[in-house]
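A.B. asks: One-letter residues, chain by chain:
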Amino acid sequence: MFFPDNYEFYCPVKINSGNKALEHLPVELDALNAVKPLILTDRVVVKKGLIRRITSAFKDSGITMDIFDGIPQAPDLKLVRRLMNIYRDTGCDSIIAVGGGAVVDTAKALDIVVSGKPEDLRDVAGNDLIKNPLGPLVFVPTASGTGFETSGFAALGGMVFSSRFLMPDLVVIDPRMITSEKADAVVATSMIALAHCAEAYTCPAKNPMIDTYAYPAMQFIGENLVNVIKSGDRKGRLALANAATMAGIVFSGTSRGIIHELGWTVDDISGHSHGICMGILLPYALEYNINSEGYHMSDMLLPIAGPEIYAGTAKNLRARKAINFIYDMQHDIHDISKGGIPLTLKDAGISKDALQGIAGAAVGDGHTGFNMDDCMVILEHAWEGKPIISF
Amino acid sequence: MGDFKEVTAGNKPFKKAYVAIMLWFVGRAIQAAARVDKDVKKEFEKLPEDFTFCLGVLPKGPYMIVGKNEKGRVKYLGWKPGGKRIDLDMKIKGIEAAILMFTFQESTTVATARDRMIVDGEVPYACAIVRVLDIGEVYLLPKFIARLAVKRYPVWSFSRKYIGRVRIYFRSILGY
Amino acid sequence: MYLPEYYEFCCRVKIIAGHDALEKIPEALEQLHAGRPLIITDKGVSAAGLANIVTEAIKDGVTIGAITDDVPQDSSLKIVNQLAGMYRDNDCDSIIAVGGGSVMDTAKGVNIVVSENADDLMKFSGAGALKKALKPLVVIPTTSGTGSEVTLVAVVKDHERHLKMAFVSYFLLPNVAILDSRMTLTLPPVITAATAMDAMAHAVEAYTGLAKNPMSDANAIAAISLISDNLLKVIKNPSDREGRLALANGATLAGAAFSNSMVGVVHTLGHATGSVCGVPHGVCMSILLPYGLEYNMHKNAHFTGELLLPLAGVEVYAGTPKHLRAEGTVAYIRKMNRDIHDATDGGHARFFEEVRDRDGRRMVPREKLEDIARAALDDGSIFYNPEECDYEDFLMIIKAAWEGAPLDRELIKKG
Chain V
152 MFFPDNYEFY
162 CPVKINSGNK
172 ALEHLPVELD
182 ALNAVKPLIL
192 TDRVVVKKGL
202 IRRITSAFKD
212 SGITMDIFDG
222 IPQAPDLKLV
232 RRLMNIYRDT
242 GCDSIIAVGG
252 GAVVDTAKAL
262 DIVVSGKPED
272 LRDVAGNDLI
282 KNPLGPLVFV
292 PTASGTGFET
302 SGFAALGGMV
312 FSSRFLMPDL
322 VVIDPRMITS
332 EKADAVVATS
342 MIALAHCAEA
352 YTCPAKNPMI
362 DTYAYPAMQF
372 IGENLVNVIK
382 SGDRKGRLAL
392 ANAATMAGIV
402 FSGTSRGIIH
412 ELGWTVDDIS
422 GHSHGICMGI
432 LLPYALEYNI
442 NSEGYHMSDM
452 LLPIAGPEIY
462 AGTAKNLRAR
472 KAINFIYDMQ
482 HDIHDISKGG
492 IPLTLKDAGI
502 SKDALQGIAG
512 AAVGDGHTGF
522 NMDDCMVILE
532 HAWEGKPIIS
542 F
Chain Z
299 MGDFKEVTAG
309 NKPFKKAYVA
319 IMLWFVGRAI
329 QAAARVDKDV
339 KKEFEKLPED
349 FTFCLGVLPK
359 GPYMIVGKNE
369 KGRVKYLGWK
379 PGGKRIDLDM
389 KIKGIEAAIL
399 MFTFQESTTV
409 ATARDRMIVD
419 GEVPYACAIV
429 RVLDIGEVYL
439 LPKFIARLAV
449 KRYPVWSFSR
459 KYIGRVRIYF
469 RSILGY
Chain X
43 MYLPEYYEFC
53 CRVKIIAGHD
63 ALEKIPEALE
73 QLHAGRPLII
83 TDKGVSAAGL
93 ANIVTEAIKD
103 GVTIGAITDD
113 VPQDSSLKIV
123 NQLAGMYRDN
133 DCDSIIAVGG
143 GSVMDTAKGV
153 NIVVSENADD
163 LMKFSGAGAL
173 KKALKPLVVI
183 PTTSGTGSEV
193 TLVAVVKDHE
203 RHLKMAFVSY
213 FLLPNVAILD
223 SRMTLTLPPV
233 ITAATAMDAM
243 AHAVEAYTGL
253 AKNPMSDANA
263 IAAISLISDN
273 LLKVIKNPSD
283 REGRLALANG
293 ATLAGAAFSN
303 SMVGVVHTLG
313 HATGSVCGVP
323 HGVCMSILLP
333 YGLEYNMHKN
343 AHFTGELLLP
353 LAGVEVYAGT
363 PKHLRAEGTV
373 AYIRKMNRDI
383 HDATDGGHAR
393 FFEEVRDRDG
403 RRMVPREKLE
413 DIARAALDDG
423 SIFYNPEECD
433 YEDFLMIIKA
443 AWEGAPLDRE
453 LIKKG
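Chains as they are written, first to last, in this note's numbering: chain V, 152 to 542; chain Z, 299 to 474; chain X, 43 to 457.
These are calculated hints, taken from the structure and not from any lab test. Incorrect hints may appear among the rest.
Partner residues are not named here, just some residues of chain Z that face chain X (Cβ under 7 Å, in silico) [claimed, not checked]:
| id | residue |
| --- | --- |
| 1 | 346 |
| 2 | 347 |
| 3 | 373 |
Below, computed lysine to aspartate or glutamate pairings styled on EDC-like, alpha-carbon distance capped at 20 Å [unchecked claim]:
| id | chain 1 | residue 1 | chain 2 | residue 2 |
| --- | --- | --- | --- | --- |
| 4 | Z | 369 | Z | 343 |
| 5 | V | 497 | V | 335 |
| 6 | Z | 340 | X | 413 |
| 7 | X | 165 | Z | 301 |
| 8 | Z | 303 | V | 240 |
| 9 | X | 206 | Z | 348 |
| 10 | Z | 449 | X | 65 |
| 11 | X | 377 | X | 401 |
| 12 | Z | 340 | X | 420 |
| 13 | X | 174 | X | 162 |
| 14 | X | 455 | X | 430 |
| 15 | Z | 449 | X | 420 |
| 16 | Z | 339 | X | 396 |
| 17 | V | 386 | X | 47 |
| 18 | Z | 344 | X | 420 |
| 19 | X | 174 | V | 450 |
| 20 | Z | 358 | V | 525 |
| 21 | Z | 378 | Z | 413 |
| 22 | V | 497 | V | 459 |
| 23 | V | 210 | Z | 385 |
| 24 | Z | 344 | X | 162 |
| 25 | Z | 339 | Z | 385 |
| 26 | V | 381 | V | 525 |
| 27 | V | 472 | V | 450 |
| 28 | X | 275 | X | 396 |
| 29 | X | 341 | X | 413 |
Yeah, the Cβ is synthetic: ideal placement off N, Cα and C, and Gly gets one too.
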């Protein structure tokens with residue numbers, strides 16, 4: 152098993168997953184020395200009746216909680232300021248974010264301001280500028296999210312924050328909160344998760360601690376994604392929520408790879424979500440590095456396809472088989488969704504002329520370390536849906 | 299602005315009452331078993347003279363306390379832990395976790411494995427009490443439920459199992 | 043991947059690993075807003091020159107507040123209070139613990155006293171009594187085995203009041219664990235083997251036990267693979283830095299697995315054998331591990347069989363039919379023990395009859411086996427074991443492990 156000469160790894164996140172996980176919240180808050188949570192969520196979550204499950208989980212605990220359920224799609228500084236006032240006026244000492252995406256971004260930004268001075272927010276936008284642990288933050292996922300909830304990233308009002316202190320202290324995955332969702336949302340979340348993990352697991356800078364989060368996440372996705380899309384399988388959805396949680400942690404443990412750089416830009420110009428775009432790019436980007444020095448492509452077959460397939464495949468074919476496994480998965484999903492989930496950038500509504508611009512944005516000022524030619528090979532093949540190396 | 303409200307958590311009186319009754323019964327059954335069953339008797343003999351243990355639900359109960367009195371007899375000591383010195387404190391993390399246990403969806407073993415209990419006190423005491431609880435479950439529950447509650451359903455003589463069961467039921471209800 | 047109905051997993055320790063990981067301590071302390079550590083270690087560690095390596099590596103980056111190697115074999119309240127005084131007298135702001143289990147227990151105890159300003163440590167014993175973060179604690183393990191660098195437990199004995207205080211809290215997790223190959227480079231092969239098999243037992247029992255979960259499983263698989271790949275290599279070539287670092291990583295991964303998923307009958311009997319006969323813990327683990335797997339096999343053959351892959355590698359795994367993999371795992375561990383026995387010229391015992399103390403005397407007399415089985419009844423690790431275990435069961439296992447004969451699985455009472 153590979154391990155590097157030097158590495159560092161840190162994950163403050165505790166994971167509680169499964170039956171009646173919500174009901175452990177009072178004990179968990181107590182362990183975080185908190186007694187009055189501010190619950191943040193949005194209207195969609197409320198409409199599904201999910202907030203009632205949270206308040207019901209606190210029954211008999213004697214806890215008083217505050218609930219703010221108006222987090223919009225695009226939260227801004229003004230909202231954070233208002234929430235800060237609520238938090239302080241009502242004497243809250245912890246935050247519970249229920250839902251995904253904007254709710255969690257807001258919760259993280261709020262955690263920064265209530266743990267320091269409100270004007271700090273602009274000062275700490277950027278990389279590793281938060282120097283102290285923040286107040287208790289709990290995340291309760293509901294179905295799909297952006298894939299960055301458990302990471303140390305947050306984006307709000309045009310600012311991006313990155314710090315290990317932004318990772319939630321606790322993630323509570325309760326099957327009652329993981330409601331069924333449209334196929335493309337499930338695929339988007341899982342594909343981002345898979346991209347986080349596949350890049351971390353195969354890149355030269357991998358380490359055994361990150362692998363322990365990437366490994367089960369990839370195996371959960373490989374085993375369950377197609378099934379969940381096909382039949383809505385309840386246990387499978389719980390497994391995918393576990394995978395998304397682990398993958399966010401993986402993302403904060405490694406540097407960003409080429410899939411992420413390209414994915415951000417593609418997402419801006421296609422009508423599809425970030426996760427769907429990343430999913431399209433994923434196998435091509437992996438394939439591009441299949442024989443690159445220092446990469447561990449063949450190792451990926453074990454988590455993604457399971458021990459039987461891994462053991463039954465000759466060593467020199469494992470990398471190929473792992474990437475084909477992802478291709479196959481995507482074709483299955485494409486078929487089940489009756490073509491609704493695109494397989495190529497072309498189908499995702501990207502014109503061929505736009506590729507150059509996407510590659511340019513990913514290369515940027517050069518700090519990403521990727522060059523134009525690499526990006527174009529990946530993009531062109533992903534546009535057409537043609538594997539880079541044919542066997 | 300309708301997007302903000304403050305909520306005080308309600309209660310689950312029926313579930314709490316159910317768990318309280320079950321705990322009361324378990325407490326009295328242990329007291330009875332300590333008189334009737336030789337293995338339970340032996341377990342308690344090995345424990346210190348004024349040993350007490352508490353099984354309860356976080357954060358505010360219900361509880362049950364069982365202990366040995368000055369004559370070394372095992373007694374159910376009620377449902378109020380306040381003021382008592384507790385040698386072994388077993389707390390279930392919440393009322394729903396307690397319901398899972400007392401409706402036999404989760405055995406003590408499974409609940410422990412799933413992090414639903416917090417145990418405070420000397421480990422040998424905990425081992426002894428878990429064995430006592432297991433024996434208690436075999437006495438009190440029909441086989442098809444008890445089999446799920448204990449790791450290995452014991453092979454007992456007819457008289458131990460059936461006569462013992464009747465005696466323990468009677469004593470639990472009558473409280474002697 | 044097995045997903046249990048419910049699980050919890052947490053490993054909030056920053057891991058810094060490498061051949062020059064020690065040099066990163068000043069930066070790690072700075073991130074924790076500290077720079078004046080109290081270094082706690084024991085005589086064995088300082089005699090081996092390890093404390094020196096640590097101070098050399100960090101002295102330019104931090105001001106060492108004080109350094110002590112007064113930790114006894116068994117952590118005691120007296121020494122905890124004494125070191126807390128030292129911490130205060132020297133205006134320290136953090137603790138670095140260099141050593142094994144008792145050094146870490148002592149450091150954790152000191153940390154509670156100085157962080158909570160506690161005059162009576164007893165107030166903080168038990169589960170969940172600590173409510174806030176303690177002073178920064180950096181731990182540097184000097185064996186690759188116990189995994190205590192990632193555990194949330196500390197045990198301190200009060201010899202005057204004859205009390206054993208146990209502390210359990212996430213706040214007792216060290217902030218940083220440093221895995222540096224220099225710390226284990228001089229560990230003798232026999233001890234290397236015993237400690238690595240201790241870690242192996244953590245991983246295997248966590249994976250096959252009742253509280254297994256996907257995160258612990260992934261940690262366990264990685265640990266088993268690293269230990270299995272490297273242990274024999276390191277025993278044959280003790281100065282193999284890569285191998286040493288791999289074993290250190292393996293021990294930490296195994297520690298993360300078992301501190302979340304607990305252990306089973308191997309540890310139950312191992313603790314008992316240790317307390318009755320004084321056999322080192324790692325030796326007990328390596329001898330008992332195959333027996334524990336055999337004992338539980340009717341309940342978890344599936345999981346035991348899966349371990350053949352990280353243990354023996356993909357060729358052996360693929361070449362073994364599915365229904366024989368659990369037996370394959372047991373056989374492989376027995377073979378590891380035999381190979382280590384040969385590579386250490388018999389220094390590594392394969393069964394208890396073979397265990398000798400420094401003067402060559404047998405450590406486990408046959409007539410002590412009943413005492414061991416009785417002592418095992420008082421050990422809590424059995425809660426997490428798949429099969430029930432009473433006195434007769436313990437006796438059957440320990441007898442077989444004494445003789446070195448495989449367990450007769452026909453005789454196991456199956457629940």
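A.B. asks: Each hint needs a verdict: does it hold in this structure or not?
C.D. replies: Verification of the supplied hints:
{"no.": "1", "hint": "346", "in the structure": "12 Å, violated"}
{"no.": "2", "hint": "347", "in the structure": "16 Å, violated"}
{"no.": "3", "hint": "373", "in the structure": "24 Å, violated"}
{"no.": "4", "hint": "369(Z) / 343(Z)", "in the structure": "12 Å, holds"}
{"no.": "5", "hint": "497(V) / 335(V)", "in the structure": "17 Å, holds"}
{"no.": "6", "hint": "340(Z) / 413(X)", "in the structure": "17 Å, holds"}
{"no.": "7", "hint": "165(X) / 301(Z)", "in the structure": "43 Å, violated"}
{"no.": "8", "hint": "303(Z) / 240(V)", "in the structure": "13 Å, holds"}
{"no.": "9", "hint": "206(X) / 348(Z)", "in the structure": "19 Å, holds"}
{"no.": "10", "hint": "449(Z) / 65(X)", "in the structure": "50 Å, violated"}
{"no.": "11", "hint": "377(X) / 401(X)", "in the structure": "27 Å, violated"}
{"no.": "12", "hint": "340(Z) / 420(X)", "in the structure": "14 Å, holds"}
{"no.": "13", "hint": "174(X) / 162(X)", "in the structure": "17 Å, holds"}
{"no.": "14", "hint": "455(X) / 430(X)", "in the structure": "9 Å, holds"}
{"no.": "15", "hint": "449(Z) / 420(X)", "in the structure": "18 Å, holds"}
{"no.": "16", "hint": "339(Z) / 396(X)", "in the structure": "39 Å, violated"}
{"no.": "17", "hint": "386(V) / 47(X)", "in the structure": "9 Å, holds"}
{"no.": "18", "hint": "344(Z) / 420(X)", "in the structure": "11 Å, holds"}
{"no.": "19", "hint": "174(X) / 450(V)", "in the structure": "41 Å, violated"}
{"no.": "20", "hint": "358(Z) / 525(V)", "in the structure": "62 Å, violated"}
{"no.": "21", "hint": "378(Z) / 413(Z)", "in the structure": "25 Å, violated"}
{"no.": "22", "hint": "497(V) / 459(V)", "in the structure": "35 Å, violated"}
{"no.": "23", "hint": "210(V) / 385(Z)", "in the structure": "29 Å, violated"}
{"no.": "24", "hint": "344(Z) / 162(X)", "in the structure": "30 Å, violated"}
{"no.": "25", "hint": "339(Z) / 385(Z)", "in the structure": "18 Å, holds"}
{"no.": "26", "hint": "381(V) / 525(V)", "in the structure": "35 Å, violated"}
{"no.": "27", "hint": "472(V) / 450(V)", "in the structure": "11 Å, holds"}
{"no.": "28", "hint": "275(X) / 396(X)", "in the structure": "24 Å, violated"}
{"no.": "29", "hint": "341(X) / 413(X)", "in the structure": "27 Å, violated"}
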